[in-house]
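Take the given structure of chain A and dock chain B to it, following the hints.
Chains as they are written, first to last, in my numbering: chain A, 68 to 181; chain B, 70 to 181.
None of these hints come from the bench; they were simulated from the model.
Using N, Cα and C, we set each Cβ at its ideal position, and we do this for glycine too.
Please note that the accuracy of each hint is not assured.
As the list claims (entries may be wrong) - Computed cross-link-like contacts, SDA-like style, restricted to lysine to any residue with a CA-CA straight-line distance of at most 20 Å:
#1 A:K168 - B:L178
#2 A:K168 - B:P130
#3 B:K113 - A:N108
#4 A:K173 - B:G167
#5 A:K168 - B:I81
#6 A:K176 - B:S96
#7 A:K173 - B:Q86
#8 B:K113 - A:E155
To be verified - With beta-carbon atoms standing in for the labels, derived distance ranges:
#9 B:A74 - A:T122: 15 to 21 Å
#10 B:G167 - A:E133: 29 to 35 Å
#11 A:S97 - B:P130: 28 to 34 Å
#12 A:S97 - B:P77: 35 to 41 Å
What follows is each chain in one-letter form.
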Amino acid sequence: AQSVTQLDSQVPVFEEAPVELRCNYSSSVSVYLFWYVQYPNQGLQLLLKYLSGSTLVESINGFEAEFNKSQTSFHLRKPSVHISDTAEYFCAVRTQGGSEKLVFGKGTKLTVNP
Amino acid sequence: EAGVAQSPRYKIIEKRQSVAFWCNPISGHATLYWYQQILGQGPKLLIQFQNNGVVDDSQLPKDRFSAERLKGVDSTLKIQPAKLEDSAVYLCASRLGGNEQFFGPGTRLTVL
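The following block holds chain B by itself, in its conformation from the complex:
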């Protein structure tokens, strides 16, 4: 069974530029999460989808971050415009049922 796929793996941009990350969850997993992991900290949930609906986006900085999961499968996370403090690893995870979330390898974003 294929795992959670993310792309790109690495991205370097300048502040005020825009960037987008893509996630393909495990086939059949209805729940999808985006986490932000800043260096030296644990992952922090940004947004949770159930199929194509948003369940929790309370920690998403909505003035610059947006996410969508239009067909209830793939998801895209966008930052526009980026700030220096957005430098982090962005992790996507998916879950079928039960309690285990399966994580992708992450996208490492560096904002200069």
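So here's chain A without its partners, still in its complex pose:
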């Protein structure tokens, strides 16, 4: 079975500061990795995903995440955050082949303060 650990439940930062949201996973087989964002009172939106190829993946709004197989991590980073980035961020894994089930972490609430 797969599991996802998001080490920080809340991350407060000031606007224009860098941020890293940590995600570690556990799986006995190869996985696909995802970051979803959930704005208040909205559903989850896919932010970025790692399927194969380059281990560094980027989103259109400046976030990036790097797949590190040896450390079983997929940390999310942004060099300079905006107030509008305030949201909850979920890391998720899915096995390659077999069940299509997404397994989510508990989420990290990012609060960007002026």
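Using the frame of chain A, we list chain B on its own:
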């Protein structure tokens, strides 16, 4: 393109009552999921449909939860009877192919 629609957005019931949630996936999406998101936790898959067939319902509490997708389009999730611990946001998602699931806004259920 319209997104995944869910209704109602909010529901408050008393324990032991019944409740039903409705989901209309993105047009043409064959795969439909129902997730339960308890406050402070990530979403947990309850059931997955492929067209009108169940692919995975291993985490669905079948003594009180049921779901159907009769015509392979809309889906209904029912809880009967509800317990206090069922208070959560119920998310519906759909997928056409590939790896991206598209989520609806969710139904927030409060059981008193």
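Problem set entry | Distance restraint between K168 (chain A) and P130 (chain B), which requires alpha-carbon spacing of 20 Å or less | holds, 17 Å
For this session: With a cut-off of 20 Å on the C-alpha distance, tell me whether K173 (chain A) and Q86 (chain B) pass.
Result: violated, 29 Å
Exercise. Within 20 Å, alpha carbon to alpha carbon, are K176 (chain A) and S96 (chain B)?
Worked result: violated, 32 Å
Problem set entry | Pair hint K113 (chain B) and N108 (chain A), alpha-carbon separation not exceeding 20 Å | holds, 18 Å
For this session: For the range 29 to 35 Å, tell me whether the beta carbons of G167 (chain B) and E133 (chain A) fit it or not.
Result: violated, 22 Å
Problem set entry | Whether the CB-CB distance between S97 (chain A) and P130 (chain B) falls inside 28 to 34 Å | The hinted range 28 to 34 Å holds for S97 (chain A) and P130 (chain B), with Cβ atoms some 31 Å apart.
Exercise. Between K173 (chain A) and G167 (chain B), is the straight-line Cα distance small enough, at 20 Å or below?
Worked result: violated, 24 Å
Exercise. Within 35 to 41 Å or not, the Cβ separation of S97 (chain A) and P77 (chain B)?
Worked result: holds, 40 Å
For this session: Please work out if K168 (chain A) and L178 (chain B) have their alpha carbons no farther apart than 20 Å.
Result: violated, 23 Å
Problem set entry | Straight-line alpha-carbon gap K113 (chain B) to E155 (chain A), limit 20 Å | Given pair K113 (chain B), E155 (chain A) holds - Cα atoms ~16 Å apart, limit 20 Å.
Problem set entry | Hint consistency between K168 (chain A) and I81 (chain B) [alpha-carbon to alpha-carbon, up to 20 Å] | Not satisfied, since the Cα-Cα distance of roughly 29 Å exceeds 20 Å.
Exercise. Do the beta carbons of A74 (chain B) and T122 (chain A) sit within 15 to 21 Å of each other?
Worked result: Violated, since A74 (chain B) and T122 (chain A) (Cβ atoms, about 36 Å apart) do not stay within the stated range.
Of the numbered hints listed earlier, those contradicted by the structure are 1, 4, 5, 6, 7, 9 and 10.
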